[in-house]
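S.K.: Starting from the given sequences, assemble the full structure and let the hints guide the process.
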Amino acid sequence: MPSTFHSVSRARALFVELNARRKASTVLAGVTVLATVAYFLAGVAFAAPVVTGNGTFTYTQGDPALNIGAGLNIAGGTTYAGEFIQFAVDTPTLNETLSFISVVTASVATGVVSIVGSDVYLGNGTTADVVGSIDATDDGAAGRPLRVNFVDALESVVVNPGFENGLTGWTVMDQVIDLGVTNIASCPSIDTSTYPAPVTNSDNNPPSLGGIRSTTAATSNSPTEGTHAARIHVSDVVTLNAFDVVHGPAIFSSPFNAAAGDLIGFDWLGIEGFDDYHVFGYLIDSGCIQTEVLDATGAGSSGWATRATAIPTTGTYRIVFVNGTFNQFGGNGAGASLIVDNVRLKDSTINDAVVQALGRKLQYANSSFSAATTRTVDVTAQSALAGTGF
Numbered sequence: 237m238p239s240t241f242h243s244v245s246r247a248r249a250l251f252v253e254l255n256a257r258r259k260a261s262t263v264l265a266g267v268t269v270l271a272t273v274a275y276f277l278a279g280v281a282f283a284a285p286v287v288t289g290n291g292t293f294t295y296t297q298g299d300p301a302l303n304i305g306a307g308l309n310i311a312g313g314t315t316y317a318g319e320f321i322q323f324a325v326d327t328p329t330l331n332e333t334l335s336f337i338s339v340v341t342a343s344v345a346t347g348v349v350s351i352v353g354s355d356v357y358l359g360n361g362t363t364a365d366v367v368g369s370i371d372a373t374d375d376g377a378a379g380r381p382l383r384v385n386f387v388d389a390l391e392s393v394v395v396n397p398g399f400e401n402g403l404t405g406w407t408v409m410d411q412v413i414d415l416g417v418t419n420i421a422s423c424p425s426i427d428t429s430t431y432p433a434p435v436t437n438s439d440n441n442p443p444s445l446g447g448i449r450s451t452t453a454a455t456s457n458s459p460t461e462g463t464h465a466a467r468i469h470v471s472d473v474v475t476l477n478a479f480d481v482v483h484g485p486a487i488f489s490s491p492f493n494a495a496a497g498d499l500i501g502f503d504w505l506g507i508e509g510f511d512d513y514h515v516f517g518y519l520i521d522s523g524c525i526q527t528e529v530l531d532a533t534g535a536g537s538s539g540w541a542t543r544a545t546a547i548p549t550t551g552t553y554r555i556v557f558v559n560g561t562f563n564q565f566g567g568n569g570a571g572a573s574l575i576v577d578n579v580r581l582k583d584s585t586i587n588d589a590v591v592q593a594l595g596r597k598l599q600y601a602n603s604s605f606s607a608a609t610t611r612t613v614d615v616t617a618q619s620a621l622a623g624t625g626f
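Residue numbers for the sequence shown follow my numbering, so the first one is 237 and each next one is one higher.
Honestly, I wouldn't trust all of these hints.
Claimed, not checked - Cross-link-like lysine to aspartate or glutamate pairs, in silico, EDC-like; alpha carbons within 20 Å at most:
1) K597 <-> D614
2) K597 <-> D365
3) K597 <-> E400
4) K597 <-> D414
5) K597 <-> D355
6) K597 <-> D410
7) K597 <-> D375
Everything labelled a hint here was simulated from the structure, so no lab data went into it. Everything numeric in this text was worked out from a predicted model, so none of it was measured.
M.R.: So this is what it looks like as C-alpha cells:
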C-alpha cells in the first residue's frame, strides 16, 4: 500500500551521540567529558560531577524509543539534593523526544531507581521514596530538554535556618567566650581556631572592657535568603594587651538529626568594626564531639561566602557560631560582626549512584523521516557545590 511503501522507503538509520557537556569541556580520546572544577569549602575539596561512558547509537527513524543511557557513568559529585540532571538534544526539532524507561509501580528494593509518570523513586528496602521529578517545562517532549529536579527534603531540618522568625530556635550567649574554657550548648568548647602571628595567648586574656554586645535578626547587609540574617556583633572592646583576640557573643541552634555524609552549609559574612573580625563555628553532636565549620580572620569585609561540611557520623547535632575580634593594630580597641544566613542540610541519599541509575534509563526517539543523520544529546549533571552555590 502507498502508506506502507512510503514508510519503508524513507526510513533510515541515524546516529545518536551521547555527550557529557558543560560550559567547559575536555576532549579525551574522542570522548567529551566534563571539565572538573574544584571547590574548597571548610577544608574539604568538592568537585563537579564527571560524566563519562558516552557512546554512539544507531536509531531507525520512526522506531520505538531507544535506550541510549545504558553505559552512562557519573562520579565525583556530592549530594544532588536540590540540584538536577539534564539531557538536551543539540539544535533540536519538534519531532525529537527524550524520555526514561518507566514502570507502573516503583520498586522498593534497596538502591533501585524507578520512574513512574513524572516522579523518580528510590527504594530503601521497605518503601520507595520520591527523590525527584521531571520538570514541568523541560519534559523532553517536542525537542525540549529533559530535566529532573531532585528534592531537598532536609532543607527545613534546622529550625528557623534563615532567621526569618527572629532568633526562634537559636540560643544566644551574650557574653565573652573563651574558646577551650567556656561551655557552649552544655558541652566544653574546644579551641581549634587559627590565631594571627602577633597573638600570644589565643583568646585567653580577659578583656579590660568586654564591650557592647548584641545579637539580632537584621535586615542589613543584604541577607542571602529571605530578608533577615543573624547579626552577632560586639563593639567598644578594650583588650587587656595589644594584639589580643576576644570572642563573643555566640549563638547555637536547636538540635537536628543528620546522617553521615549529609552536607551542612551556611552563608557567612565577617565585618571589621573597631578592628578585625576573628570568627569561628562548629558542629557539636550529642556526645560533645566537635567538628569545625568556620575559622576566619580579616579586615574590612569578607563578602558573603558559603561554607559546607560533611556530617561525620549519623546523630543529633547543633551548629554553633562565635563572633570575635582581633586587635590587629595593637591599640587595645576592638570590635567586629559575624553575619550568618541560610543554614541548610542536604541529604546524602541522592548521590552519584542514584543519578547514574536514572541516566541509564534515558531514551531517544524521532518521529521524522527526514531528520539529520547525526544527532547529539548533551548531559549536564549538577551536584551541590558544583553550581552557583551550595
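S.K.: Each of the hints needs a verdict: does it hold here or not?
M.R.: Hint by hint, here is what the structure shows:
1. Annotation: proposed proximity of K597 to D614 holds, straight-line Cα distance about 15 Å (limit 20 Å).
2. For the given pair, K597 sits about 18 Å from D365 by alpha-carbon distance, which is consistent with the 20 Å threshold.
3. Taking the CA atoms of K597 and E400, the gap is about 41 Å. The hint is violated against a cut of 20 Å.
4. Pair hint K597 plus D414 does not hold up; C-alpha atoms about 55 Å apart against a cutoff of 20 Å.
5. Proximity of K597 to D355 is assessed by CA-CA distance (about 13 Å); at most 20 Å being required, the pair is judged to hold.
6. A distance of roughly 55 Å separates the Cα atoms of K597 and D410; the hinted pair therefore is violated under the 20 Å criterion.
7. Our distance criterion of 20 Å between C-alpha atoms is met by K597 and D375, whose separation comes to about 15 Å.
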